[in-house]
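J.: When we follow full-length UniProt numbering, the leftmost residue of the sequence shown carries the number 1, and every step to the right adds one.
By construction, these hints were calculated from the structure, which means they are not laboratory data. Yeah, the Cβ is synthetic: ideal placement off N, Cα and C, and Gly gets one too. Keep in mind that a hint or two might mislead.
Unchecked claim - Pair ranges (Cβ atoms, derived):
hint, residue 1, residue 2, range
1, E19, L45, 19 to 25 Å
2, S73, R4, 33 to 39 Å
3, E19, D57, 32 to 38 Å
4, L45, E6, 19 to 25 Å
5, H55, Q35, 27 to 33 Å
6, K65, K14, 15 to 21 Å
7, K34, K65, 15 to 21 Å
8, T17, E61, 16 to 22 Å
9, L21, Q41, 16 to 22 Å
10, T62, L12, 21 to 27 Å
As the list claims (entries may be wrong) - DSBU-like, lysine-lysine: derived pairs with alpha carbons at most 35 Å apart:
hint, residue 1, residue 2
11, K34, K51
12, K42, K14
13, K20, K39
14, K34, K23
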Amino acid sequence: MLFRSENIEDGLSKLSTLEKLSKVCVIDLDFYDKQILSKLQKLRLEYPTIKLLSHSDIDNETVGKALLDIGFSSCLVSAL
1 MLFRSENIED GLSKLSTLEK LSKVCVIDLD FYDKQILSKL QKLRLEYPTI
51 KLLSHSDIDN ETVGKALLDI GFSSCLVSAL
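Input sequences plus hints: build the corresponding full structure.
T.: See the structure below:
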């Protein structure tokens, strides 16, 4: 793990300082942030070569499809 951030904006800032990009980015999704999908699209556009993996405790087919459409490789859903 290179770093951990609390939100996508902080993650984008930290990614921009790396000399060499990581191959994979694991994102623990916070669906209380209403703009999460648009922020993830921005992440994908700025870093198209990074493999994106998501984790969430919300099992929602619509969200899963949206993540795949954005370019996520997979989404892990964990039950509480």
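J.: Hint by hint, which ones does the structure fall short of?
T.: Result: hints 2, 5, 6 and 8 break, sorted rising.
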